[in-house]
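Peer 1: Please build the complete structure, drawing on both the sequences and the hints.
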Amino acid sequence: MRLALLLVLLSTALFSQGNNWKELNDFSGGQRERAVAFSIGGYGYLGTGLDTAEQVLKDLWRYDPSADSWTQMADLPGSARRDAIGFSAGGKGYIGLGVDNEISYLGVKMKDLWEFDPLSNTWLQKADYPGGAGNGAFFSTVFVADEKAYVCGGKINPNAYINQLWEYKPSVDTWTSRAPFPGGVRYLAVSFSIDGVGYVGMGANQDVYKKDFYKYNPGSNSWNPIAPFPAYERGSASGFSINGRGFVCLGTNGGLLDDLIEYNPETNTWAIRASYGGSARKRAAAFVINNKAYVGTGKGYSGKRRGMQEYSATDYASLEENKSPQWVVFPNPSNGIIQLKGNITIPAKLTIYTFLGNKVMEMKFTGEEIDVSDLPSGNYLVELTKDDKVIGATSIIKN
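Each residue of the sequence shown is one higher than the one before, starting from 0 at the first, in numbering that gives the first Met the number 0.
Don't take every hint at face value.
Unchecked claim - The list that follows gives simulated cross-link-like pairs (lysine-lysine, DSSO-like), each with its CA atoms no further than 30 Å apart:
1. K125 to K209
2. K91 to K125
3. K397 to K363
4. K214 to K91
Hints listed in this document are in silico derivations from the structure and should not be mistaken for laboratory results. Remember, it's a predicted structure, so these values are computed and weren't measured experimentally.
Peer 2: Now the structure itself:
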C-alpha cells in the first residue's frame with residue numbers, strides 16, 4: 000500500500016510519462032555477474048563476467064529488443080575475464096582490461112583491448128591500455144564522449160589502486176593520458192556521459208565506499224564536482240544516460256541496493272526515481288537502446304542473476320510543466336529554508352510528501368520562502384497544484 004501510494008503520487012506529477020520498469024525475458028547466457036555491456040545500431044550486447052561455477056567467461060550475446068531475445072555471437076578472442084570494460088563508438092564494440100581469475104591475486108590483470116564488428120561478427124585486437132604502469136587494470140569504469148572512450152580508475156594489484164584517466168580514440172587506435180580523477184584513487188566507480196561531458200563518482204577508495212561525484216570536460220581536460228549524491232554511498236553500481244539525464248542504480252554499500260537516482264545537468268540536481276523492477280543486486284550490466292535502458296544479470300542475495308529489466312525514463316520534452324521557463328527549488332539540498340524560482344502562477348497549493356507517500360506539509364504558496372527546518376533529513380517530493388490540477392513537482396533533499 001505504501002509503495003502503491005508513492006507510485007500514484009509520482010505518476011500524478013513529473014512521472015506520468017515514463018519512469019517505469021518492465022520485466023523482460025531472462026538473459027540467455029545464464030546467471031552471471033561482473034559482465035560488460037554496450038549497444039550498437041539498435042541491439043544490445045552483453046558478455047564476459049563470472050558464472051555460478053565461479054568461472055570467468057569470454058562469450059558475447061546480442062539482444063534484440065523487438066523480439067525480446069538473445070543470440071550468441073563470436074567469443075572474445077582474448078582471455079576470459081571479469082570486471083572488464085565495455086563500450087561502443089563509431090559503430091563498433093570494445094571489450095578490454097579485467098582479470099582472468101575468480102581470485103584476483105591468482106589471476107593476470109589484463110591490458111588488451113578488442114574491437115567487435117557487428118556486421119561481420121568478428122574481433123580485431125587494438126592497442127593495449129597503457130595505464131596502471133602498463134600492467135593492466137580491473138574494476139575500472141568507462142564512459143564515451145564524442146566517439147572517444149575514457150577509462151577511469153581501477154585496481155592494479157591486491158592493495159594498489161589508481162585514479163588515472165586515459166582517453167582512447169578508436170579512429171586512430173591511440174591512448175592519451177588525461178587529468179586524473181580528483182577524488183583520489185578509486186575502483187568500483189560508476190559513470191555515464193551527457194552531451195559530450197563525462198560524469199564519474201562513488202565506488203571505493205580502497206575499502207571505504209564513497210558518494211562524491213565529478214564531471215569531466217574533455218575539451219578543457221578538467222574536472223569539477225557536481226551536487227552531492229543524495230542516496231547511499233556505494234560501489235558496483237550501474238550507470239547510463241537517457242533523454243539528457245544520467246542515472247545510477249543498484250550496487251552495494253555492504254548490503255545490496257535496488258534504487259534508481261537521476262541526475263539533471265541543467266539544474267545540477269539529483270532525484271529519486273522508480274526502484275529497479277527486479278531484486279536488489281550489485282555488479283549488474285546496463286546498455287541503452289532508443290532511449291530505453293536495459294539492466295540485468297549481477298549478484299543478488301540469492302546468488303548470481305540472469306533477470307533483465309527495461310527502464311523507460313520520463314520524457315521531459317513532452318511534459319507541459321517542463322517547457323521553458325521551468326521552476327526549481329533552491330537551495331537543493333537544503334538545511335532549512337527553500338525558495339521556488341521560475342514561472343509560477345500564484346497563489347498555488349504547495350504540498351510536501353515523503354517518498355513513502357506521507358504528507359508532511361501543506362500551505363498556500365504566494366511566493367514566500369518556505370521553512371523546512373523541522374523536517375527530518377531525507378528525500379521529499381514538492382508538488383504544486385492550482386484548481387486541483389498538478390502544475391509541477393520535483394524532489395528535494397533535506398540535510
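Peer 1: A separate judgement is required for each hint: does it hold in the structure or not?
Peer 2: Checked hints:
1. Proposed proximity of K125 and K209 is contradicted: the alpha carbons are some 33 Å apart, above 30 Å.
2. Using a Cα cut-off of 30 Å, the hinted pair K91 and K125 holds, with the two alpha carbons roughly 12 Å apart.
3. At roughly 21 Å between alpha-carbon atoms, K397 and K363 fall within 30 Å of each other, so this suggested pair holds.
4. Among the hinted pairs, K214 with K91 is consistent with the structure: their alpha-carbon atoms are about 25 Å apart, no more than 30 Å.
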